[in-house]
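Engineer: Spelled out, the chains give:
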Amino acid sequence: MKHTSTVGKSNRVALVLLILGLSTIAFPLYLTIVIAFKQPSEMTNSISGILSLPKTWSLNNFREAMIVTDFWHSLRNSLLISVLTVGISILIHSLMGYALGRNKAHSKFYSFVYLFIVSGMFVPFAILMMPLAKQTAELGLANWVGVIILYIVFYMPMNIMLYSGYLVNIPIALEEAARVDGASTWMTYWKIIFPIMGPMHATVAVITALAVWNDVMTPLIIMAGSGENTLPLAQLNFQSQFGTNYNLAFASYLLSLIPILIFYVICQKQILNGVTNGAVK
Amino acid sequence: MKNDRQRTFLLITIPILALFVCFNTIPLIRGVIYSFTNFKGFGKYDWVGLRNYVDLFSDARVGKSYLFTVKLAVVTTIVVNVLSMILALGLNSKIRAKGFFRGAYFLPNILGSLVVGYIFNYFFTYILPAVADMAGITSLSTSILSSPSKAWIGVMIVCAWQAVAMNTIIYISGLQTVPEDVYEAGGLDGATGWKQFRYLTFPLIIPFFSINMVLCVKNFLMVFDQIVALTKGGPAQSTESISYLIYNNGMSGGQFGFQSANAVVFFIVIVIISVAQMKFSGSKEEQL
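Chains as they are written, first to last, in the numbering used here: chain A, 1 to 281; chain B, 282 to 569.
Check each hint, because a few of them may be wrong.
What the hints assert, rightly or not - Below, simulated PhoX-like cross-link-like pairs (lysine-lysine); rule was C-alpha separation at most 20 Å, straight line:
(1) A/Lys269 <-> B/Lys379
(2) B/Lys431 <-> B/Lys345
(3) A/Lys134 <-> B/Lys513
(4) B/Lys431 <-> A/Lys134
(5) B/Lys431 <-> B/Lys513
As the list claims (entries may be wrong) - Not the full set, but computed from the structure, chain A residues with beta-carbon under 10 Å of chain B:
(6) Met161
(7) Pro195
(8) Gly198
(9) Pro232
(10) Gln241
(11) Leu254
Since the hints were made in silico from the structure, they are not lab data.
Note that beta-carbon positions come from the ideal geometry of N, C-alpha and C, so glycine has one too.
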């Protein structure tokens with residue numbers, strides 16, 4: 001058929017264009033890697049000086065960058081904040097999504113609470129940031145604990161919407177059967193509903209983790225005075241210390257990207273599914 | 282038994298709602314209250330009524346930041362949606378190594394926008410001018426980030442570089458909902474190429490188009506990290522986004538009250554745009 005031959009041709013064109021397009025993604029990454037490994041003396045002012053491969057693949061820049069930006073400490077803070085936020089979000093948001101999802105159809109109170117929280121999605125951080133800086137300082141929460149609490153509140157609207165949307169597909173008969181057997185609502189939730197929502201936990205975990213890991217603004221506002229850094233915040237706060245030593249700066253950038261790159265390589269499928277589900281649902 | 286169920290639901294709802302009110306509703310209300318004061322961020326302050334709001338509309342710097350932010354949001358939204366639509370069509374066609382391409386094209390989205398901004402800052406400052414010099418393009422031989430008329434393009438490119446990844450994934454999942462026989466039936470009627478896209482594919486993926494529109498416009502209106510990493514609002518305040526201005530002048534510039542008023546207006550703008558977009562896309566979807 002004529003049909004198939006045209007398809008074959010356009011696919012080859014598509015393939016070539018896709019490979020060309022990939023260079024726009026590969027080039028900045030290549031740039032980061034070669035500069036991170038070079039010595040300042042190798043950075044002549046010409047393009048070839050900047051873009052050529054480094055003479056030796058020495059890890060000295062990384063060693064120095066780790067010291068300058070207090071890398072391990074920032075990494076620990078980032079991990080701590082991300083893991084706890086994701087864990088608590090899954091527990092609390094799914095519970096709230098369940099309570100609201102099961103009741104909002106027949107109860108004015110629950111449907112009001114649902115709309116009230118979900119409309120929190122429209123509130124830009126810009127209007128909250130100044131009062132929150134004050135409020136967290138007053139409450140003694142101007143630290144990583146405060147940052148976690150704020151994340152749990154910020155991602156609540158989105159996550160509750162996802163969970164209670166998912167709940168529609170879970171038949172209520174399941175819970176009724178458990179109730180007949182004498183299980184309380186609380187036990188039924190943790191034994192039956194929570195495990196069934198597994199796919200949605202994965203989606204929530206992925207979108208929450210990516211958003212938290214890369215966020216700059218919240219720690220910037222809340223932890224500014226605490227002397228602690230997350231990985232992105234460390235890049236911002238130590239920017240002036242790199243001076244014109246771009247090799248050191250790029251080694252530090254690369255270091256801060258490595259954890260998420262590893263995560264992406266390992267869980268690429270889950271991440272792609274997660275972000276798609278999160279956006280489309 | 283029924284009461285136990287209702288009590289459990291209440292015991293779940295009340296504390297979590299209280300947490301939300303505490304760290305979302307109350308700060309929002311406090312923000313609105315501050316907007317009627319001359320609070321500097323510390324010390325005593327007085328009520329000034331609507332003066333902040335009146336000043337807001339005559340403040341050249343605020344006006345400039347709105348113009349910049351809206352221009353950036355509109356242009357970037359268009360650029361991102363065109364590019365990611367083309368990319369999604371490519372990635373959804375029958376090609377080899379589809380999984381690899383999809384994974385690779387999504388990569389920019391997972392990287393932190395601050396660090397991405399720093400990397401592009403170097404690119405715009407050193408690489409691009411050097412390349413332009415070699416190619417003899419004099420208009421690009423100085424860094425675009427140091428030109429008040431061109432710096433916004435740099436911000437736009439960095440925003441788009443990351444956002445295309447996300448939008449492409451959403452368009453791909455849209456394209457996958459279009460059944461194959463639609464194309465076959467369309468092909469019999471002579472709908473191929475652009476016609477096929479315009480009259481068959483696009484109408485069927487309008488819901489995904491509206492998701493992307495909402496995502497884009499909201500994200501770009503709130504742009505912050507890229508500004509910090511690329512221009513810090515400069516040169517000559519030409520790339521000061523609304524969020525950046527509120528942060529900069531409100532948190533450390535002694536304009537806590539005034540920038541709160543700015544934030545309240547910004548909040549209202551976001552709500553109006555979001556509601557309008559939802560109404561618009563809702564009516565579009567009904568037609569199908």
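Engineer: Taking the hints in turn, state whether each one holds.
Structural biologist: Hint check:
1. Taking the CA atoms of A/Lys269 and B/Lys379, the gap is about 13 Å. The hint holds against a cut of 20 Å.
2. For the given pair, B/Lys431 sits about 15 Å from B/Lys345 by alpha-carbon distance, which is consistent with the 20 Å threshold.
3. Proposed proximity of A/Lys134 and B/Lys513 is contradicted: the alpha carbons are some 24 Å apart, above 20 Å.
4. This hinted pair does not check out: B/Lys431 and A/Lys134 have alpha carbons roughly 37 Å apart, beyond 20 Å.
5. A C-alpha spacing of about 15 Å is found between B/Lys431 and B/Lys513, which places the hinted pair at or below 20 Å, so the restraint holds.
6. Violation of the interface hint for A/Met161 is found here, the shortest Cβ-Cβ separation to chain B being roughly 13 Å, above the 10 Å cut-off.
7. Hint status for A/Pro195: violated, given a least beta-carbon distance of 18 Å to chain B, over 10 Å.
8. Interface hint status for A/Gly198: violated, as the beta-carbon distance to the closest one in chain B is roughly 20 Å, over 10 Å.
9. Satisfaction of the interface hint for A/Pro232 is found here, the shortest Cβ-Cβ separation to chain B being roughly 5 Å, below the 10 Å cut-off.
10. A distance limit of 10 Å between C-beta atoms decides the matter here; for A/Gln241 the minimum to chain B is near 13 Å, and the interface restraint is violated.
11. A hinted interface residue such as A/Leu254 counts as satisfied when its beta carbon comes closer than 10 Å to some beta carbon of chain B; here the least separation is about 9 Å, so the hint holds.
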